[in-house]
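Number of protein chains: 2
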Amino acid sequence: MMLNTRDRDDFLASTVIKLLKRNAVPNLRRIIAKTHSADIAHWFPHLRPDEKPALFNLLVKEKRMSEVLGELHSEERNLFFQSSEPTVLVEVLKDMPPDDVSDTLADLPLEQRDALLRLIKGSATHAVEQILQYDEKTAGYIMNPHFFALPQDITASAAVERIREMADLEMVFYVYVVDEENRLKGVLSLRQLVTTRPNTLLKDLMTTRVYTVHTTTLQEEVARVVARYNLLAVPVVDEDNKLVGIVTVDDVVDVIREENTEDMLKMAGTGDVDIGSKSILKNTRARLPWLFASWISGIAAGQVIGLFQVQLEQLAVLAVFIPIIAGMGGNVGLQSATIVVRGLATGEVNLNEVWQILRREAVTGITLGCIYGLLLGLFARFRYWNLTSASANLLWFPLVVALSICLNMTLAATVGTVMPMLFKRLRIDPAIATGPFVTASLDVIGNLSYFLIAGVFLF
Amino acid sequence: MMLNTRDRDDFLASTVIKLLKRNAVPNLRRIIAKTHSADIAHWFPHLRPDEKPALFNLLVKEKRMSEVLGELHSEERNLFFQSSEPTVLVEVLKDMPPDDVSDTLADLPLEQRDALLRLIKGSATHAVEQILQYDEKTAGYIMNPHFFALPQDITASAAVERIREMADLEMVFYVYVVDEENRLKGVLSLRQLVTTRPNTLLKDLMTTRVYTVHTTTLQEEVARVVARYNLLAVPVVDEDNKLVGIVTVDDVVDVIREENTEDMLKMAGTGDVDIGSKSILKNTRARLPWLFASWISGIAAGQVIGLFQVQLEQLAVLAVFIPIIAGMGGNVGLQSATIVVRGLATGEVNLNEVWQILRREAVTGITLGCIYGLLLGLFARFRYWNLTSASANLLWFPLVVALSICLNMTLAATVGTVMPMLFKRLRIDPAIATGPFVTASLDVIGNLSYFLIAGVFLF
Numbered sequence: 000m001m002l003n004t005r006d007r008d009d010f011l012a013s014t015v016i017k018l019l020k021r022n023a024v025p026n027l028r029r030i031i032a033k034t035h036s037a038d039i040a041h042w043f044p045h046l047r048p049d050e051k052p053a054l055f056n057l058l059v060k061e062k063r064m065s066e067v068l069g070e071l072h073s074e075e076r077n078l079f080f081q082s083s084e085p086t087v088l089v090e091v092l093k094d095m096p097p098d099d100v101s102d103t104l105a106d107l108p109l110e111q112r113d114a115l116l117r118l119i120k121g122s123a124t125h126a127v128e129q130i131l132q133y134d135e136k137t138a139g140y141i142m143n144p145h146f147f148a149l150p151q152d153i154t155a156s157a158a159v160e161r162i163r164e165m166a167d168l169e170m171v172f173y174v175y176v177v178d179e180e181n182r183l184k185g186v187l188s189l190r191q192l193v194t195t196r197p198n199t200l201l202k203d204l205m206t207t208r209v210y211t212v213h214t215t216t217l218q219e220e221v222a223r224v225v226a227r228y229n230l231l232a233v234p235v236v237d238e239d240n241k242l243v244g245i246v247t248v249d250d251v252v253d254v255i256r257e258e259n260t261e262d263m264l265k266m267a268g269t270g271d272v273d274i275g276s277k278s279i280l281k282n283t284r285a286r287l288p289w290l291f292a293s294w295i296s297g298i299a300a301g302q303v304i305g306l307f308q309v310q311l312e313q314l315a316v317l318a319v320f321i322p323i324i325a326g327m328g329g330n331v332g333l334q335s336a337t338i339v340v341r342g343l344a345t346g347e348v349n350l351n352e353v354w355q356i357l358r359r360e361a362v363t364g365i366t367l368g369c370i371y372g373l374l375l376g377l378f379a380r381f382r383y384w385n386l387t388s389a390s391a392n393l394l395w396f397p398l399v400v401a402l403s404i405c406l407n408m409t410l411a412a413t414v415g416t417v418m419p420m421l422f423k424r425l426r427i428d429p430a431i432a433t434g435p436f437v438t439a440s441l442d443v444i445g446n447l448s449y450f451l452i453a454g455v456f457l458f
Numbered sequence: 000m001m002l003n004t005r006d007r008d009d010f011l012a013s014t015v016i017k018l019l020k021r022n023a024v025p026n027l028r029r030i031i032a033k034t035h036s037a038d039i040a041h042w043f044p045h046l047r048p049d050e051k052p053a054l055f056n057l058l059v060k061e062k063r064m065s066e067v068l069g070e071l072h073s074e075e076r077n078l079f080f081q082s083s084e085p086t087v088l089v090e091v092l093k094d095m096p097p098d099d100v101s102d103t104l105a106d107l108p109l110e111q112r113d114a115l116l117r118l119i120k121g122s123a124t125h126a127v128e129q130i131l132q133y134d135e136k137t138a139g140y141i142m143n144p145h146f147f148a149l150p151q152d153i154t155a156s157a158a159v160e161r162i163r164e165m166a167d168l169e170m171v172f173y174v175y176v177v178d179e180e181n182r183l184k185g186v187l188s189l190r191q192l193v194t195t196r197p198n199t200l201l202k203d204l205m206t207t208r209v210y211t212v213h214t215t216t217l218q219e220e221v222a223r224v225v226a227r228y229n230l231l232a233v234p235v236v237d238e239d240n241k242l243v244g245i246v247t248v249d250d251v252v253d254v255i256r257e258e259n260t261e262d263m264l265k266m267a268g269t270g271d272v273d274i275g276s277k278s279i280l281k282n283t284r285a286r287l288p289w290l291f292a293s294w295i296s297g298i299a300a301g302q303v304i305g306l307f308q309v310q311l312e313q314l315a316v317l318a319v320f321i322p323i324i325a326g327m328g329g330n331v332g333l334q335s336a337t338i339v340v341r342g343l344a345t346g347e348v349n350l351n352e353v354w355q356i357l358r359r360e361a362v363t364g365i366t367l368g369c370i371y372g373l374l375l376g377l378f379a380r381f382r383y384w385n386l387t388s389a390s391a392n393l394l395w396f397p398l399v400v401a402l403s404i405c406l407n408m409t410l411a412a413t414v415g416t417v418m419p420m421l422f423k424r425l426r427i428d429p430a431i432a433t434g435p436f437v438t439a440s441l442d443v444i445g446n447l448s449y450f451l452i453a454g455v456f457l458f
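Top line first, the protein sequences correspond to chains A and B. No gaps in the numbering here: position 434 of the first sequence is 433 in numbering that gives the first Met the number 0, and each next residue is one more. No gaps in the numbering here: position 98 of the second sequence is 97 in numbering that gives the first Met the number 0, and each next residue is one more.
A few of these clues could be false.
Any copy, or any two copies together, can satisfy a pair, since identical chains are not distinguished.
Stated by the list, open to error - Here are the simulated lysine-lysine pairs, BS3-like style, with alpha carbons at most 25 Å apart:
1) Lys184 - Lys62
2) Lys33 - Lys202
3) Lys184 - Lys33
These are calculated hints, taken from the structure and not from any lab test.
Given these sequences and hints, build the entire structure.
Structure representation (structure tokens):
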């Protein structure tokens, strides 16, 4: 039987916890030696905070901490920084690739970061400092400045010889070809190099049409380029078209995951929450402002109800249907908004199709509204049989709730569709529209339409 | 200046639309020849349905349709199938790799699919039929059955010679090594092959520790393996450990995107919606059942209000605070649930941490509840000054709403955290918990706590 990664994590982590408790260092060493760094990183969420430093120490001694550190979540990375001596930190950071170092240091307070950079010294520091110059979430920031480039006038066999010499460069599958001034001229695959005649010049072999990104290109766009053209890596060039780094597909996979997390959190109106963090303060601070939109809309929806206080005093049963009418509207609106937001993100929905999508959503809203309206009308008729039979006016009551829910679901589907598209056109992130803004407006619309309809038929 | 992919799509698509209208075939041909198939596929959402067949025809004539078809959304793919002659379809399908064919045919009605397969014939059909045997969303279904494997007893130079002969296999970067019975024995990179001494035997060069997946492994797990170990491809083996295919990282990127879309839609309670589809019937049918949960909960929440009808008749202003108390609870609950669902999906939240996460969310809920409770209490005091000054009892009114919102937000954060974790433990997809189920329970809890507190203080 083959365990999946999750079950294996669970199993190994519980073994490691037992061994840590018994301080069984030789056994732990053996397990660590046999385990991939990415797997070791996945043990940490299973450990209690006070168990983690012991494992950090062991990993440092086994020279595995540099690999593991790059794979940890920020919460654990910070714990490592807090619980380790500067000399240990320097030793660990020195063995990491520059893009991992910059990523690791990014969360630290500026002073601590600079202090560490001063301690590392050497050429690595230079690369790290260069990366840190670029804005977060740009190609410059996520790129690896160590890449493999060759001049255009050498032969295929000379190129293979060069590759032989570059022992420690991982992931060579594309060979980038540059001119004397390091300007990107073309690309070829290692396979082309191997299968051509040995004396072919690189410039005769290379493809000159290369998909590139700029140092300032947003990581989202980098991911889109790599995904769309099925690339294994994309070269990063500066304003002079000089090759300065590459972004590999494994980093792109991380970017896609990160961007998706961001979108989901925005849709739920949670701002920039750090999911893994245990800090209540950070968690609260990230969520507080978003809830204000919903506070305001709640007040507004309530004031709408307040306008009809006299009617409510006469017919308190009206209040019974407030939650379902607002709730069904909110849900349909959320459905429509999510479909549009996600469609815009994946490219399945296009701003040019606004009328088609709007029509689809509005008609879906009406259809769903009619079905659930009928259901609610029947419920109102039979649950409140005595009441609705009491006067001629009140016979209309089931119709009122049925009409209200139908109208409200239609409006909700429309608003949920229009809002993200409008945001997109205004070049604001449409994911924001789903959370607080759609829900906010729907609450108000829902109550207003309900009580207006009730006013027409019942009073 | 460098256009990003989206702006370039917009620009090129509008040019193509103009040229199609003028029937300017030579210009269109020139653009098509210069454009990547993945970019051509992105023109289609910009075109009106009646403009699409003309572009299909042109792409077929230019022999580009096979590449483009694999990149289209299902809506457009089906349009192509409907608007083309069988002979054209056969010609297009014959040029596609088997995994793309199976993916393309998957949406079609069984009869049409079998009819087409019979028409294609040949070895390709065999591969396609094999893929179609596997369940959707498994490694067997998404793998490419054409891969590159070599026996273990040949030398590195012989291996390079073999690669030279295999002209049309794309993406050779890993060389898989198998025994006589095609059982996977090891892996080596093309780079190792090139940089070693030519007479080294593959079995002395290869890494024997290979990350593999089974034909039945779910695509989600395949994506996790590739992402975690930064692989460019993962070999797929059958129950006898025989190598039957590979899944490459570009397919994994698509899988990650697809799984994320599914999660988001589930969270919004939309079921299996086809985002790009224009079909109102399909759209309605996918969303209808999910809304039923919210219908039931709306009724239940209303019945809770109904229990306090007498109090409402006495004090209709109570109804004014129903939306904000339920709404704030719902929002905090959605925040917590989204954080937990996403954390579970990315591995940042772990079931072993249930108490830590629960504590963080509950305390966050209380903190946010106190802040917004205070705010709401103040609002109630000043907005309803006359009312609350009217009697000694009613002086408590601001406290009632403040307490209610605070209690409700705390409960909501707790429920929103516990539900997805519970679902996960029961091995049910936690994404389902966020949508209908969390919202449903929160509506009921919200109203109940509000009116109970009101009952204690006011009546």
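Now the hints, each set against the structure:
When the C-alpha separation of Lys184 and Lys62 is checked against a cutoff of 25 Å, the pair qualifies neither within a copy, at 39 Å, nor between copies, at 29 Å. In this assembly of identical chains, the alpha carbons of Lys33 and Lys202 lie at most 25 Å apart only when taken from different copies (21 Å versus 44 Å within one copy). Proximity of Lys184 and Lys33 under a CA criterion of 25 Å is satisfied inter-copy only: 18 Å between copies versus 42 Å inside one chain copy.
Violated hints amount to a single one, hint 1; each of the other numbered hints is respected by the structure.
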